[in-house]
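The chain contents come next:
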Amino acid sequence: MRETRLWSLHLLVIPIIVVLLGTHFAIIHYAPVFYGMSVEEARSFEVMIERGRSIAQFVLYILLLAAGLYHGLYGLRGIIRELPLTPALAKLVDVGIVLFGLFIFGFGTYVTWWTFSFKIGG
Amino acid sequence: MNSNSPKSYPNRLGLKGWVYAGRYTFERYLYLGHRLSGMGLIAYMVLHIIETANRMRGVEAWQGLMALFASPPFKVVEYLLFAAAVFHAMNGVRLLLTELGFFLGKPKEPVYPYSSSVMRHRPLTYVIMALAGLIIILGGSSLFFP
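For the record, the sequence lines run as chains A and B. Here the numbering used here is used: the first residue of the first sequence is 1, the next is one more, and so on. Here the numbering used here is used: the first residue of the second sequence is 1001, the next is one more, and so on.
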């Protein structure tokens, strides 16, 4: 049952990734189409900070971080768990992936928070 | 001992079994591609999180990094990443449809010559892969010939 829930969540986050990643692409890689600015301008420090200080962007990136990391690391877990592993090693893989995911999520959240709380000229 | 107890069959082929273990079908190679592209994308995502943290080192560090990403070798890497993402997403759509039971046909009596659900699903596979190929080519044209 636990595995069914984890697998279902792996599928359920797909629409979230599609929408949020699509938004991320629209904001940065398709800035000339949607915002009338060049990709270089959209990637500039000032514009990136200005963007990151909005609450919508903050929420978008935290959700994308969580959904993307879950989908990717759950997939990676499945690939590794398919290899001939002892039960102890399989458990170690599970714990290692969870800890790695939490660390990267924490780090990404910190960077997003740093941008959100950036004081211009301060 | 109870003869009905489940017997475990270890994955003896390991990684080699990914590539070849007999007559693999087109879908099996898509499965391999899905795994490889997925591992590439998760590796990139982690690197992307670390690399965008460079903003905390200030304007110069950020601009230096962006200048590096605008160089030709990184354009090629960016394109490969784009191709991997498109392939993974399009094949993912196919897998989701299969998971939810679409385009597999109705179950019927197995009468020779057998018509498997994989074969009934194959036209959709070809359409989705042709679309993925088209998007990858179009994406390349806008990236390399803006």
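Please keep in mind that the hints were generated in silico from the structure rather than gathered at the bench. These numbers were taken from a predicted model, which means no experiment stands behind them. Check the hints yourself; a few may be wrong.
[Claimed, not checked] So these bits of chain A aren't anywhere near chain B, every CB distance computed over 10 Å:
(1) 1
(2) 3
(3) 31
(4) 34
(5) 37
(6) 44
(7) 58
(8) 63
(9) 68
(10) 83
(11) 93
(12) 102
(13) 104
(14) 119
[Stated by the list, open to error] Facing chain A, from chain B, some residues (calculated, C-beta under 10 Å):
(15) 1015
(16) 1019
(17) 1050
(18) 1063
(19) 1066
(20) 1070
(21) 1080
(22) 1082
(23) 1089
(24) 1092
(25) 1109
Built from N, CA and C at the ideal position, the CB exists for glycine as well.
For each hint, the structure was consulted:
1. 1: About 18 Å separates residue 1(A) from the closest Cβ of chain B, which puts it past 10 Å; holds.
2. 3: 15 Å, holds
3. 31: 13 Å, holds
4. 34: The claim stands: residue 34(A) keeps its Cβ more than 10 Å from every Cβ of chain B (closest is about 15 Å).
5. 37: Fine: 14 Å to the nearest Cβ keeps residue 37(A) off the interface.
6. 44: 8 Å, violated
7. 58: Residue 58(A) is indeed farther than 10 Å from all Cβ atoms of chain B, at 14 Å.
8. 63: 14 Å, holds
9. 68: At about 6 Å from chain B, residue 68(A) fails to clear the 10 Å cut-off, so the statement is violated.
10. 83: 6 Å, violated
11. 93: 14 Å, holds
12. 102: Since the minimum Cβ distance to chain B is about 13 Å, residue 102(A) lies beyond 10 Å and the statement holds.
13. 104: With a cut-off of 10 Å, residue 104(A) comes too close to chain B, as the shortest Cβ separation is near 6 Å.
14. 119: Since the minimum Cβ distance to chain B is about 14 Å, residue 119(A) lies beyond 10 Å and the statement holds.
15. 1015: 7 Å, holds
16. 1019: With Cβ-Cβ at 14 Å, over 10 Å, it is violated.
17. 1050: Holds: closest Cβ of chain A sits about 8 Å from residue 1050(B), inside 10 Å.
18. 1063: Check passed: Cβ of residue 1063(B) comes within 6 Å of chain A, closer than 10 Å.
19. 1066: 5 Å, holds
20. 1070: 7 Å, holds
21. 1080: 15 Å, violated
22. 1082: 9 Å, holds
23. 1089: 8 Å, holds
24. 1092: 7 Å, holds
25. 1109: 30 Å, violated
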